[in-house]
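So you can see what is in the structure, the chains are spelled out below.
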Amino acid sequence: MTGNGYFQLALYLITLIGLAWPLGLYMARVYKDEIPGFMRWLKPVENLVYRLTGVKPGDDMPWTRYAFAMLAFNLIGFLAVYLLQRFQVWLPLNPEGLGAVTPDSAFNTAVSFATNTNWQGYGGETTMAYLTQMLGLNVQNFVSAATGMAVLVALMRAFTRREAGGVGNFWVDMVRSTLYILLPLSLILSLALVSQGVVQSFSAYEKAALVQPYAQAETTVTEQVIAVGPAASQIAIKQLGTNGGGFFNVNSAHPLENPTPLSNFLELLAILLIPAALCFTFGRFVGDMRQGGAILAAMTVVFTALLAVCVWAEQSGNPLFDRLGLATGASEMQAGGNMEGKETRFGVVNSALWATATTAASNGSVNSMHDSFTPIGGMVPMWLIQLGEVIYGGVGSGLYGMIVFALIGVFIAGLMIGRTPEYLGKKIEAFEVKMAAVAILIPPLVVLVGTALAVGLDVGRAGIFNPGAHGFSEVLYALSSAGNNNGSAFGGLSANTPFYNTLLGMAMLLSRYWLMIPVLGIAGSLAAKKIVPAGSGTLPTHTPLFVLLLVVTVLLVGALTFVPALALGPVVEQLQMLGVK
Amino acid sequence: MLNELKPALLMLAVFTVITGGVYPLVVTGIAQGGFPHQANGTLIEHDGKVVGSELIGQPYTDPKYFWGRPSATGPVPYNAGASSGSNLGPLNPALEEAVKARIEALKAADPSQTAPIPVDLVTASASGLDPEISPAAAAWQAPRIARLRGLPLESVRGLVEKHTQDRQFGVLGEARVNVLQLNLALDAERQKSR
Chain C
-12 MTGNGYFQLA
-2 LYLITLIGLA
8 WPLGLYMARV
18 YKDEIPGFMR
28 WLKPVENLVY
38 RLTGVKPGDD
48 MPWTRYAFAM
58 LAFNLIGFLA
68 VYLLQRFQVW
78 LPLNPEGLGA
88 VTPDSAFNTA
98 VSFATNTNWQ
108 GYGGETTMAY
118 LTQMLGLNVQ
128 NFVSAATGMA
138 VLVALMRAFT
148 RREAGGVGNF
158 WVDMVRSTLY
168 ILLPLSLILS
178 LALVSQGVVQ
188 SFSAYEKAAL
198 VQPYAQAETT
208 VTEQVIAVGP
218 AASQIAIKQL
228 GTNGGGFFNV
238 NSAHPLENPT
248 PLSNFLELLA
258 ILLIPAALCF
268 TFGRFVGDMR
278 QGGAILAAMT
288 VVFTALLAVC
298 VWAEQSGNPL
308 FDRLGLATGA
318 SEMQAGGNME
328 GKETRFGVVN
338 SALWATATTA
348 ASNGSVNSMH
358 DSFTPIGGMV
368 PMWLIQLGEV
378 IYGGVGSGLY
388 GMIVFALIGV
398 FIAGLMIGRT
408 PEYLGKKIEA
418 FEVKMAAVAI
428 LIPPLVVLVG
438 TALAVGLDVG
448 RAGIFNPGAH
458 GFSEVLYALS
468 SAGNNNGSAF
478 GGLSANTPFY
488 NTLLGMAMLL
498 SRYWLMIPVL
508 GIAGSLAAKK
518 IVPAGSGTLP
528 THTPLFVLLL
538 VVTVLLVGAL
548 TFVPALALGP
558 VVEQLQMLGV
568 K
Chain H
440 MLNELKPALL
450 MLAVFTVITG
460 GVYPLVVTGI
470 AQGGFPHQAN
480 GTLIEHDGKV
490 VGSELIGQPY
500 TDPKYFWGRP
510 SATGPVPYNA
520 GASSGSNLGP
530 LNPALEEAVK
540 ARIEALKAAD
550 PSQTAPIPVD
560 LVTASASGLD
570 PEISPAAAAW
580 QAPRIARLRG
590 LPLESVRGLV
600 EKHTQDRQFG
610 VLGEARVNVL
620 QLNLALDAER
630 QKSR
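Which chain is which? The protein sequence lines are C and H, in order.
When we follow my numbering, the leftmost residue of the first sequence carries the number -12, and every step to the right adds one.
When we follow my numbering, the leftmost residue of the second sequence carries the number 440, and every step to the right adds one.
One chain only, chain C, in its complex shape (with noise of 0.2 angstroms):
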């Protein structure tokens, strides 16, 4: 690596940290209603959605109220994709003639793009009309975002509260989420990608003349169809939104969703910036900005001893190609390294950042072929989505799952000093700690019951792609994504398939609706407790020993519940390569 690849490293973390901040504050006051006077303008139509869906803004909702209103939102979300793809064939703006998606494709598509997964059994171009793209895709990609948004904030307001019956108000907390933060935002960062190339037109596919036409088989071609569409509006919203489902098949390596090293500086800026700017909200809500600094502390020191193994792992390359006698070398002329599957603009240290940051956020939008990158190069995106998408993670449902962590660490901090665990001023009782295993072990538990009955099964083991134990990863990583609402793939897996289109929505609804509904559960029990000053017995949850006490909590169940199905696919893979020599 460089002297630049540092360089470009560094920038992009501290251009992170360095936006997140005034972002998150700026939030913080959205979700307390005291709008900023340059945003203010929004307020009339923030009424008028009120006033035109018939919502109360001032009602307060207990916790259950409020988790059937965002499971009824989410519901018709995912009807009405599902729709769209099942009609597109005779609704307008489809200059292809695209056909109706099938009925399993349909479902797995629906749901995830209503769970904020988008993993994505389709391909883009070849799929899906610019009305399903826009009117059912590029919809759950806002609203999808703002509902996990708005299960943080009611997590947050409870610990702002003392002997309270509510936890907020659904709706309020999605439409704030999506006309303050997510629109503003999407606005500002389409047009930038648009002026580096990324496509924004309704025309019908273009056709370019080859300058040397080809010859295959018995024809020559002499056209390249080129496919455009609405793309720069979604894939904007599709990276801050941590949403990540690509408008063309490639997702964000197709140079006209990404086209520049500009336009992926920008996008990657994007994945992360909302999830690490709530921990500076998360801050400003509780009254006291160590609190949030302590848990970024802590995503922050994982995803960049993460990203260090990532970037080694693929600039070290595949040695066949040093045994071939290629050069691999990196400098000034070539990136090197294993570029199987990664774009010349990128090169290794940009794909591998950005494999590191869109799986520690659960984007799961790539511009590198994942399941080309070296044994342990793809274990480490594979093993960030295992950890439950709390490195930054998800718009909201990172924060929230980081606060489940939190609590189990001062539980276990409790056990061991024999005190009644506190955090935020609430007393840590039995309702919380089993609401948080509950939220804890559901992912594990649907990623690995599913890998058994994927390759435990002769249709599951039909999509494998790559042999030996890649072909494992292959299914690991696919049974991972969907159980943690990432949406990245190993692409060499056919997964659209009735079997796995079934199976991974259904892995999909339950990790989403699972951590949501325990994590509800657990703001309606805070907000009802009182505030309890900190006392000599208190741990401080703002000190480098307890971000240490988390990190140590996420890797260690990370570690325990994943280290038996990794040693079968990257694990030994790695063995097998050390041997190519």
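Check each hint, because a few of them may be wrong.
Claimed, not checked - No farther apart than 27 angstroms at their CA atoms in a straight line, the calculated lysine-lysine pairs in the BS3-like style are these:
| id | chain 1 | residue 1 | chain 2 | residue 2 |
| --- | --- | --- | --- | --- |
| 1 | C | K19 | C | K517 |
| 2 | C | K414 | C | K517 |
| 3 | H | K488 | C | K194 |
| 4 | C | K194 | H | K503 |
| 5 | H | K445 | C | K30 |
| 6 | C | K19 | C | K516 |
In case anyone wonders, no lab produced these hints; they're calculated from the structure.
Bear in mind the structure is a predicted one, so any value in this text is a computation, not a measurement.
Given the coordinates of chain C, work out where chain H should sit on it, guided by the hints.
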């Protein structure tokens, strides 16, 4: 839950209009007004005919042209209507076979070039549409192009340099050479000399 179904339905309707209708249309309007070239695919036109996009690579088999990254799209390489990577794992025997075949093809096109081949020239890109190769991959091919086109090596190298983009702002991404633009420039050079 039933009480929440009505606001849920209405909320989705309202946000479908805002985020699914107004937002993409506003972006399209500004994009088509402010950046029409980029918004429509950064197409290159010659005599009113579209000959490609600056951002989308094309396949070459003729040794007179610079070759781009290998492409794994189907049924033909560089199919910009169905992007795809190879998804070959690092130990898949098919990867080794494919890379070996590409090495042989490159060596057959220029037996006199004995320097190690840059790795990006024999590994498939992620999109199958990568418009660029590394400066090292262009330099490796330059002697072949010069010989087959009867051009001085220096002028081919000059063209490569002209179509080399440094890291953006000198910092971001990697240096790279746009293959389609370079090949178009080579063809223009030939017409000039006639």
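Here is what the structure says about each hint:
1. C:K19 to C:K517: OK: C:K19 and C:K517 at ~21 angstroms, within 27 angstroms.
2. C:K414 to C:K517: holds (8 angstroms)
3. H:K488 to C:K194: The given pair, whose Cα atoms are some 10 angstroms apart, holds under the 27 angstroms limit.
4. C:K194 to H:K503: Since the Cα atoms of C:K194 and H:K503 sit roughly 24 angstroms apart, the hinted pair holds (cutoff 27 angstroms).
5. H:K445 to C:K30: Answer holds: H:K445 to C:K30 is near 23 angstroms, not above 27 angstroms.
6. C:K19 to C:K516: Holds: C:K19 and C:K516 sit about 21 angstroms apart, inside 27 angstroms.
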